[in-house]
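For the record, the sequence lines run as chains C and F.
Quick note: the first sequence uses my numbering, first residue 1, plus one each step.
Quick note: the second sequence uses my numbering, first residue 452, plus one each step.
Since the hints were derived computationally from the structure, they do not count as laboratory data.
Think of the CB as a built atom: it goes at the ideal place given N, C-alpha and C, for glycine as much as any other residue.
Among the hints, erroneous ones may be present.
Computed from the model, here is a short list of chain F residues facing chain C with C-beta under 10 angstroms [as the list claims (entries may be wrong)]:
#1 Lys466
#2 Gly605
#3 Pro606
#4 Leu709
#5 Gln757
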Amino acid sequence: MTVFKRGPSRRRVLQTGLAGILATGVAPLILSRGAWAQEFCNNPTGDTVTFGLNLPLTGAYAEEGADEQKAYQLAIQHLNGEGDGGLISVLTPTALKGNGVLGKKVAFVTSDSQTKADVARAGATRMIERDGAIMVSGGSSSAEAVAVQGLCQEMGVIFMAGLTHSNDTTGKDKKRYGFRHFFNAYQSGIGLAPAIVKAYGADRRAYHLTADYTWGWTQEESMKAATEELGWETVQAVRTPLGAGDFSQFLTPVLNSGADVLILNHYGNDMVNSLTQAVQFGMRDRQTNGKNFEIVVPLFSELMAKGAGANIKGIYGTSNWHWNLQDPGTIAFTKSFGAAYGAPPSQAAHTAYVQALLYADACERAGTFYPPEVIKALEGFEFDGMGNGPTLYRAEDHQCIKNVLVVQGNESPTSEYDVLNVVQEIPRDAVAYDPAIFGGDLGPAEPAPIC
Amino acid sequence: MFEVIFLQFLNGLDKGGAYALIALGLTLVFGTLGVVNFAHGALFMLGAFCAVLFRQLITFETVTIDPTKLSPWGAPLEVRAPLVQTWFGDFGAVLVNYSVPFSILLTIPVMLVIGIALERGIIKHFYKRPHAEQILVTFGLAIVAQEIIKSFFGPNPIPQPMPEGLRGAADIGAWLGMQANVITYPIWRLVYFLFAGVIIGGVFAFLQFTTFGLVVRAGMADRETVGLLGINIDRRFTIMFGLAAVVAGMAGVMYTPLLPPNYHIGMDFLVLSFVVVVVGGMGSLPGAVAAGFLLGILQSFASMTQIKAIVPGIDQIIIYLVAVVILLVRPRGLFGRRGVMEA
Numbered sequence: 001m002t003v004f005k006r007g008p009s010r011r012r013v014l015q016t017g018l019a020g021i022l023a024t025g026v027a028p029l030i031l032s033r034g035a036w037a038q039e040f041c042n043n044p045t046g047d048t049v050t051f052g053l054n055l056p057l058t059g060a061y062a063e064e065g066a067d068e069q070k071a072y073q074l075a076i077q078h079l080n081g082e083g084d085g086g087l088i089s090v091l092t093p094t095a096l097k098g099n100g101v102l103g104k105k106v107a108f109v110t111s112d113s114q115t116k117a118d119v120a121r122a123g124a125t126r127m128i129e130r131d132g133a134i135m136v137s138g139g140s141s142s143a144e145a146v147a148v149q150g151l152c153q154e155m156g157v158i159f160m161a162g163l164t165h166s167n168d169t170t171g172k173d174k175k176r177y178g179f180r181h182f183f184n185a186y187q188s189g190i191g192l193a194p195a196i197v198k199a200y201g202a203d204r205r206a207y208h209l210t211a212d213y214t215w216g217w218t219q220e221e222s223m224k225a226a227t228e229e230l231g232w233e234t235v236q237a238v239r240t241p242l243g244a245g246d247f248s249q250f251l252t253p254v255l256n257s258g259a260d261v262l263i264l265n266h267y268g269n270d271m272v273n274s275l276t277q278a279v280q281f282g283m284r285d286r287q288t289n290g291k292n293f294e295i296v297v298p299l300f301s302e303l304m305a306k307g308a309g310a311n312i313k314g315i316y317g318t319s320n321w322h323w324n325l326q327d328p329g330t331i332a333f334t335k336s337f338g339a340a341y342g343a344p345p346s347q348a349a350h351t352a353y354v355q356a357l358l359y360a361d362a363c364e365r366a367g368t369f370y371p372p373e374v375i376k377a378l379e380g381f382e383f384d385g386m387g388n389g390p391t392l393y394r395a396e397d398h399q400c401i402k403n404v405l406v407v408q409g410n411e412s413p414t415s416e417y418d419v420l421n422v423v424q425e426i427p428r429d430a431v432a433y434d435p436a437i438f439g440g441d442l443g444p445a446e447p448a449p450i451c
Numbered sequence: 452m453f454e455v456i457f458l459q460f461l462n463g464l465d466k467g468g469a470y471a472l473i474a475l476g477l478t479l480v481f482g483t484l485g486v487v488n489f490a491h492g493a494l495f496m497l498g499a500f501c502a503v504l505f506r507q508l509i510t511f512e513t514v515t516i517d518p519t520k521l522s523p524w525g526a527p528l529e530v531r532a533p534l535v536q537t538w539f540g541d542f543g544a545v546l547v548n549y550s551v552p553f554s555i556l557l558t559i560p561v562m563l564v565i566g567i568a569l570e571r572g573i574i575k576h577f578y579k580r581p582h583a584e585q586i587l588v589t590f591g592l593a594i595v596a597q598e599i600i601k602s603f604f605g606p607n608p609i610p611q612p613m614p615e616g617l618r619g620a621a622d623i624g625a626w627l628g629m630q631a632n633v634i635t636y637p638i639w640r641l642v643y644f645l646f647a648g649v650i651i652g653g654v655f656a657f658l659q660f661t662t663f664g665l666v667v668r669a670g671m672a673d674r675e676t677v678g679l680l681g682i683n684i685d686r687r688f689t690i691m692f693g694l695a696a697v698v699a700g701m702a703g704v705m706y707t708p709l710l711p712p713n714y715h716i717g718m719d720f721l722v723l724s725f726v727v728v729v730v731g732g733m734g735s736l737p738g739a740v741a742a743g744f745l746l747g748i749l750q751s752f753a754s755m756t757q758i759k760a761i762v763p764g765i766d767q768i769i770i771y772l773v774a775v776v777i778l779l780v781r782p783r784g785l786f787g788r789r790g791v792m793e794a
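With the hints as constraints, model all of the structure from the sequences given.
What follows is the structure, given as C-alpha cells:
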C-alpha cells in the first residue's frame, strides 16, 4: 500500500490531464457542438461538399424539373462565389460569404426522378449512399417529396423540398429532416376562394377534376372546403390518373353535369392538357345556369401558362412567386437567372434556388454540417429578401409561412413571358394556420446510426 | 340523359377512331409479313414528330435586337419574326396556321422511306425467327427511335396548335334541332374521326379494288402459292410495311393538336393497340377496326359518373377486362382466323 502513496495521487493525475487538454487546445473541440458530430451521414472530409439534386427531368412535371436544375446550378455558382452573387446579397439575415459552405466548395450530383415516387426514392438513395450527398433537394411532385423525405429521415440526411404543394408534405407526413419553402394546397384554398367568389359570385356549382395522388387529393379537399364555406356547391369530384394525356373522357361528363365552374386540380403537363382540352370542348364559351361557365386552376406556374398559350387568359389560380414582382430579391433573381439562361425563372426555379441558399446559410449559422444543428438553425428561422416578403420557417411543421399570390392569366400579354398577372398578394398572416390541423409527427433529430 | 349518352358515344367513336387507325397498321404488318411489330408505336411517334419538325422548319425565325426595349432581366429585347411569313406573306401565314395538316405532305415520304428501310434493313432478317425474337428486335428499335427523338427534341411535350378555324367546339345539338350548347364537341376531334374514317376506308379500298391489293390479299392467304406463280410478293409486302408506317405516321400527325407529342407517346399507345389487335383477331383488318371502335366506346361509357358510382375505377380497367372476357369466349378474337399464331 505504501507503494501507491509514493506515486502521483488520483487528484494530481486528473489535474495534470485537464491542464494538458486545455493546453493542447482539445477542450474547445470537446465543448463545441461539432465534436460529437464526426459520425454522421456523409460528413464532408475533403474540400468539397456535395448536394444531391433529385429532379423530374422526364414525366408529367419535366418542364419544372429542367427549370429547377438550372436554378440549383445557379445557386451553387453563387454559393461558390461565381457569377453576380444572385440573392446572397439581399438575404437578411445571412451568414453566407460566397466562398462555398463552411469553406468547402459546393459540388452536386443529379438524378432523374421521372416524376415517379419510387424512382425518386431510388435516386436519392443512390446519391446518398454512392455519391455522398450531404443534403438532398428537388422534386416537382408531392408524391416524390413525401417518399424522399421519409427516406432522408431514415438516413439522417436533410431534405430541402423543391416544388411540393400537398398538405401532407408538412402535415401528416412531415419529418424532422424535411423542410418546405413552397406554399401548400390549404393556403391556395384559403387564398384563392375569396378572389374567385368575388369574381364569379357566391352561387356557383363546381366540378373538380383531380390528379389522383397526394397533392391532388389535398388540393381538391382544400378547394372544396374553402369554396363551400363561401357558398359554392360541389357537384362532383372525379380523380384522373397522373399523366393521363387525353382527358376527353373525363371532360364530356362535365358538360351536362349542371356545374358552371370546372376546377382543374392538375399540375404541369396534365394541367396544360386538361385545360387545353376543356377549352377545345367549348367550356369557356358556354352558358350554364344562366352564367358564363368558368375554369379555375388552383395552382399554376408561368411554365404551364406558356404551355397552355391563349387558353390560360383570364384563368384564376395561385402561385408561390412570380418573376414580375418588384421587390429587390425578385429583381435580383430574375436578372441573374435571365442573364444565365435567356428566360425569366419559374416558381419551381425560385423555390429550388432559395432552398439551396437557405440550407447553406443554416450550415454557416450552425457552424457545422451536423444535421441536428442545421435543423435547429432552420427551425423558426425568420428571414427576408428572397422575393416572398418576410418569411418564417415554422418550427412546428417545417413549413415556410409567407405571402401567397393570387394570379390570373394575362389577357393581353406584351411578350411570350408576360403570361401571368399578380392580382392579389395575400399577407402571410391571412394564410397562416394551426399546424396541428394536419396532424403528423416530425420525429427525432438524432442522426441515423448508419447511412 | 340522351345528351350525356350521345356525348359519350361521340367520345367513344373519336377514341375508337384513333385506336382503330393505329391497330390497322399493326394488323397490316402482321397480316402480310407475319411480324409482331412492337416498333409500331414508335412509327406513330415519328409521324407526330414529322409535324413538329415541319412546324419548326416553317417557323424558323429571324432574330433582331431592339435596343430601345429591355427584356425582364435587363438585356436588349430580341424581336423574332417567322421567316416564312416574311418571304411568302399571307400564304406563309396560312402555312403556319395549317402546319399540322400540311405536315402530312412531309410525313408521307418520310414514313414511307423509314418503313421500307426498316423492313429491308432489319425486319426481313427475322421473318423465319420465332415471334419472341421479332418482339425483342422491334421493341429494341422502338427504344432506339425514342432515344434519338429525345436527344433531338428533348423530353418535354411540344404543343402543336390546331388551325384557328378548327379550334373550339361544334354545336352538334343545334345541328340536330336541339337547344344550343346541349351537345357540343371539339371540332378537331370530329376532324380526326373523319380523317380516321377516310384512311381506314382508303386502306380497305386499296386492298379490295386494286390489282396490287388483290395480290397482297392473295399473299396474305397463301404466300408460297403466290410466289410460285412468279409474283414477287416480298417486294409488295415491303411496300405494305411502308404503307403501314405511313398510316401510323399520319395518325400521329393528326393527333398532335389533341395531345402534345413527346418521345414516349408511341409507347403509351402501343399496349392499347396490341389489345385492340388481339381482341379484333390477329391479322384481321376488319377485326382491328371493329375492336378499336368497340373498346373506344366502352372506355368512354365506363367513364360516366353513373357507371363509376357503381364500379369505381372501371374506366381504367374496362379495356383489359373486355379483352379477357372476349379471349375467354372467343380465343381467336372477334374476327380471328384459324391457324394464325397457333403453332
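Hints, one by one, checked against the model:
Nearest Cβ of chain C to the Cβ of Lys466 of chain F: about 7 angstroms, under the 10 angstroms cut. The hint holds. A least Cβ separation of about 8 angstroms between Gly605 of chain F and chain C falls short of the 10 angstroms threshold, and the interface hint therefore holds. Taken as an interface hint, Pro606 of chain F checks out: its beta carbon lies about 4 angstroms from the nearest beta carbon of chain C, inside 10 angstroms. At about 7 angstroms, the closest approach between the beta carbon of Leu709 of chain F and any beta carbon in chain C falls short of 10 angstroms, and the interface hint on this residue holds.
The beta carbon of Gln757 of chain F comes within 9 angstroms of a beta carbon in chain C, closer than 10 angstroms, and the hint placing it at the interface holds.
The structure fails none of the hints (numbered hints given earlier).
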